[in-house]
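**Q** Listed below, chain by chain, are the residues.
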Amino acid sequence: MTAGTDHSGIFLDGRSNRKRSVTLRFANGLDIAEQDTVIESWPFDQVRRADGPPAMLRLSCTGALPLARLEVSDPATQGMLAAYCRSLDAGKSPGQTWRIVAWSLAAVCSILLLTFFGIPLAADRLAPVLPLSIEQRLGGAVDKQVKFLFGDKTCSRADGQAAFTKLVDKLKDAGGITMPLEAQVLSSKTPNAFALPGGKVYLLAGLLRKAESADEIAGVLAHELGHVQHRDGLRRLIQTGGTSFLIGLLFGDVTGGSAVVFAGRSLFDASYSRDQERAADAFAIDVMHKLGRSPKPLGALLVRVTGKEENKSMTLLASHPMSEDRLALMSKDLGVNTGPEILTAAEWRALKGICATR
Amino acid sequence: MNDTSFPFGLPPVPPSAAAGTARITFSGERRDFRRLIMRGAALELVTVGFYRFWLATDMRRHLWSNTAVDGDAAEYTGTAKELLIGFLFALAILAPIYLAYFLIGLEAERLQAFASVPLGLFFFLFAQFAIYRARRYRLTRTVWRGVRFWMTGSGWSYAWRAGLWTLLAIITLGIAMPWAKASLERYKMRHTSYGDLQGRFEGTGGGLFKKVWWLWLLMWLTGILLIPVPFIYAAMRAIEWRWWVSGIRIGEVSFTSDLRNGAFIGLYWKVIGWCALLLSVLGIWIGIAFAIGYVSIGGGTPTEQKFLLAMQQLPVLLMGGFGYIVAALAVGTVIRIYLMRDLWQRVAQSVTVENLTAADNVTAQGELVSALGEGFANSLDVAGF
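So the sequences go chain by chain: A and B.
Sequential numbering from 1 applies to the first sequence in our numbering.
Sequential numbering from 1001 applies to the second sequence in our numbering.
Be careful, since some hints might not be right.
[Unchecked claim] Short derived list, chain A residues pointing at chain B, Cβ under 7 angstroms: (1) Leu12; (2) Arg15; (3) Ser16; (4) Asn17; (5) Arg18; (6) Asp51; (7) Gly52; (8) Pro53; (9) Arg69; (10) Val101; (11) Ser104; (12) Ala106; (13) Leu112; (14) Val146.
[Unchecked claim] Chain B residues, not near chain A, derived (Cβ > 12 angstroms throughout): (15) Arg1034; (16) His1062; (17) Ala1095; (18) Leu1267; (19) Thr1363.
It should be emphasised that the hints constitute simulated quantities derived from the structure, not laboratory data.
Because the structure is a prediction, the values reported are computed rather than measured.
In this text, a Cβ means the ideal position worked out from N, Cα and C, and glycines have one as well.
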């Protein structure tokens, strides 16, 4: 061999960590020779680049032992190897990053489809068949959160409580409620009312203050009873739980995962609940008609509380559909009051003062 | 060596010391690593996090292949695809466990108080199991001079040890920590091998305690002032690394480290500075988003309700969520640059390998293991690098 063609390297045979000084010959394949004896011959198209430090070319061979390595530091030899071994970087296509991005987006699409269609469907099928005891247990957990948010003070001044019970019982009978029910007034300034899984209904004193007639409150309560009868609270819980379970599972690491879960949850919750709100409205209208009262005051109260909603960004996230939509729905039949007042004027006054301490 | 070649019969260097002594060097460019990390973070954002498997693999390849013992650089042979598959398998196994956890937790809620503690304990142990198995995966992908490291031992056996030691460390306010670390390291190292050379760990809890007890005391005394905490913690970590390096044996090969006590202080303060900066930017960003949302709500709404509504608006949520994710990725980038790469470099360059000739004729041994452990670690959020 002449000095000009002398290409040297270090060979590790994959069986031991002994470094062997070798010379390289470019024949039919890459011949690796130790003291003029060829110890291994690698076909050019099977030689691959392995990870190595910047200045060194470290090679492996797909046909040899997995950890057999040839290390070449001389730039001229590296150039020769690159010229002979055409498949050095086979399997590392430049478009790989784009493929990862594309597959990730596909995964996101499938998760979104599942959250928008799969989980709501599952919630619809599951809610009616889950035993009531489970729903009540879930409700207990939610109840704690509600009490934390709105305070634990219930209003129960005797005469007001009597009027409230009378009102709820009338609505219950008219609506044919078959679920267990427990309604209470909470002392909070927020004008709202809500139903929890397991049949707990809370009317917040803030709403009572804004109301101008018993029919308005009756409408609101009838609407919440609709949620109870339809087991909407349970449905929503299944959906929220399912969505966060799915997303939380996939975003294993903390980076951004919880934020996405948080934002995703409130978005999906709201969009899902719009159908339920409409159903509860229909239920309320029906109950009011059965009592011979017009459902119109409910719409009036909703508008008074929320103001005119025209802000577009609100429509997707508001947990209640736009008040004017609902107002239109309620006033459509223009039903006149054919039945007696649900509460007498005295009872209505007592109900309004249910939170008064004396 | 021939003594007669020296006039006074004294060699200039003691011959025994030079025989098997070698340094560990790190040749990676900071610039390259930073580019790799920032590109990776951007891709993590675009791929909603799925790129993390590729990023982790690229980081390890960079760190491994730039770290050389006696001039021979290590090699990381793991692939991102393995990590992804491991993660998917882990998901399939964890999904029913999570579901069961949720249902049992619901029942526990009724009984109140300590009923849910055993469940948290289970997940803690499971995380330890995952950490052990993830280490095993990484080791079997670590190659030096054409021979791989490998590991035996049981993940569950390690998990209950880790559980008991952690409990003891908590009860003793951290006094037992050195013994916990020593015991767990002994378990890990005696199940670690390089080819046919078996590892062991000769560091002792007492040895570590003697070096850090005053820092531990200082931490409890001055911790309330906050400012000394990073200094104390950084010194503790440096001492611990030194202790760890000098306790490791692979066959008859041993290591020493001349890491200074203050070697990490600058790194920790840089991370704190960056995090403070990023958090303030995030705060301002969310403040702006909220203000826009608040103003866009018409008048006549009570303030209490206006706050709630503003927080629920879609643009506010999207802006806030986006800002949060970008900030989290940025914090991750900072931590990877300072506490992973720079710390790695400082530790690696401080190490002297003694008696390396004992590792001259090592026969390859050990099987590859799957990345399932890494997958668990990833889903439980305890993945190292």
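**Q** Hint by hint, note whether the structure agrees.
**A** For each hint, the structure was consulted:
1. Leu12: 3 angstroms, holds
2. Arg15: Check passed: Cβ of Arg15 of chain A comes within 5 angstroms of chain B, closer than 7 angstroms.
3. Ser16: 5 angstroms, holds
4. Asn17: 4 angstroms, holds
5. Arg18: 6 angstroms, holds
6. Asp51: Holds, about 5 angstroms.
7. Gly52: 6 angstroms, holds
8. Pro53: 4 angstroms, holds
9. Arg69: For Arg69 of chain A, the interface hint holds, since the closest Cβ of chain B sits about 5 angstroms away, which is under 7 angstroms.
10. Val101: Where the cut-off is 7 angstroms and the nearest Cβ of chain B is about 5 angstroms from Val101 of chain A, the hint holds.
11. Ser104: 4 angstroms, holds
12. Ala106: Given a least distance of 10 angstroms, the restraint on Ala106 of chain A is violated.
13. Leu112: Because about 11 angstroms separates Leu112 of chain A from the closest Cβ in chain B, which is outside the 7 angstroms limit, the hint is violated.
14. Val146: Not OK, violated: Val146 of chain A not within 7 angstroms of chain B, min 14 angstroms.
15. Arg1034: Since the minimum Cβ distance to chain A is about 16 angstroms, Arg1034 of chain B lies beyond 12 angstroms and the statement holds.
16. His1062: His1062 of chain B is in fact no farther than 12 angstroms from some Cβ atom of chain A, at 9 angstroms.
17. Ala1095: Not fine: 6 angstroms to the nearest Cβ puts Ala1095 of chain B too close to chain A.
18. Leu1267: 21 angstroms, holds
19. Thr1363: Given that some Cβ of chain A is not farther than 12 angstroms from that of Thr1363 of chain B, nearest at about 5 angstroms, it is violated.
When the structure is compared with the earlier hints, violations turn up for hints 12, 13, 14, 16, 17 and 19 and for no others.
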